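*Asks:* Sequence:
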Amino acid sequence: MTSKMTLNSWLYLALSDLPQPVQLRLETEYRAHLLDSDTPDDVRGVLGDPAEVNAQLSKLYGSAELWSKWQQPQRNWTLFVHIFLAGMTLLGGWRVWHSEGENMGQLLGPLMVLLFSGVIWGWTSRLPLAKRQLLRSTWTVSAIYVAQWLSWMMEWWIGQGTPDMPMTIVYPLICLVYFRGTLRNYLRLDRTLRLVGTRN
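Number 152 in the numbering used here belongs to position 152 of the sequence shown; there are no gaps in the numbering.
Treat the hints as calculated values from the structure; they're not laboratory data.
One or more hints might be untrue.
Per label pair, the in silico range of CB-to-CB distance [what the hints assert, rightly or not]:
# : residue 1 : residue 2 : range
1 : TRP156    : LEU127    : 16 to 22 Å
2 : ARG126    : ILE169    : 31 to 37 Å
3 : TRP157    : ARG126    : 31 to 37 Å
Since the structure is predicted, the reported quantities are computational estimates derived from the model, not experimental observations.
By construction, the Cβ of each residue, glycine as well, lies at the ideal position given by its N, Cα and C atoms.
With the hints as extra help, turn the sequences into a complete structure.
*Replies:* What follows is the structure, given as structure tokens:
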């Protein structure tokens, strides 16, 4: 990392997998710079030279080198959490399937969730940062609920049981609540990127 680091490159580092308070702090700081600038469409006019951008972001994160070293373990941890959740979902479905007389409805739900997860992660790999995080985060927090809901629907569809109707209705509502929170974070991140002239 050198003083020649561009603002766009910094943003992709700074806004990747950061907690919400830090994103808000970034947004507030860059909004102030934007309002004070005579050329809001010019990134250099908003924040000055790349060395100044480096200095500003270093105040938030210590140094570029430390931030880079911290970022990789965070990504590894995120990957571990996703793999762990997928494994537990599949294991839970298998145990229920085995204990309830090999009820296919209990096994198909988790399998479909894993299939959908692969499709979603592959499809979003080329999307811009904010949209990619929106779709992946929404799916991650909803996957367990979707698995259970699909299992109930499969039971009902193949005639091997009657789904718990109140919970069948509640689970999609829980997913919508998660989606609402994730959507707010996406809109905030997208607005921050647009404020400083980054196409997203």
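*Asks:* Look at each hint and say if it fits the structure.
*Replies:* Evaluated hints:
no. : hint                        : result
1   : TRP156 / LEU127: 16 to 22 Å : violated, 35 Å
2   : ARG126 / ILE169: 31 to 37 Å : holds, 35 Å
3   : TRP157 / ARG126: 31 to 37 Å : holds, 34 Å
Checked against the numbered hints listed earlier, the structure breaks hint 1 alone; every other hint is satisfied.
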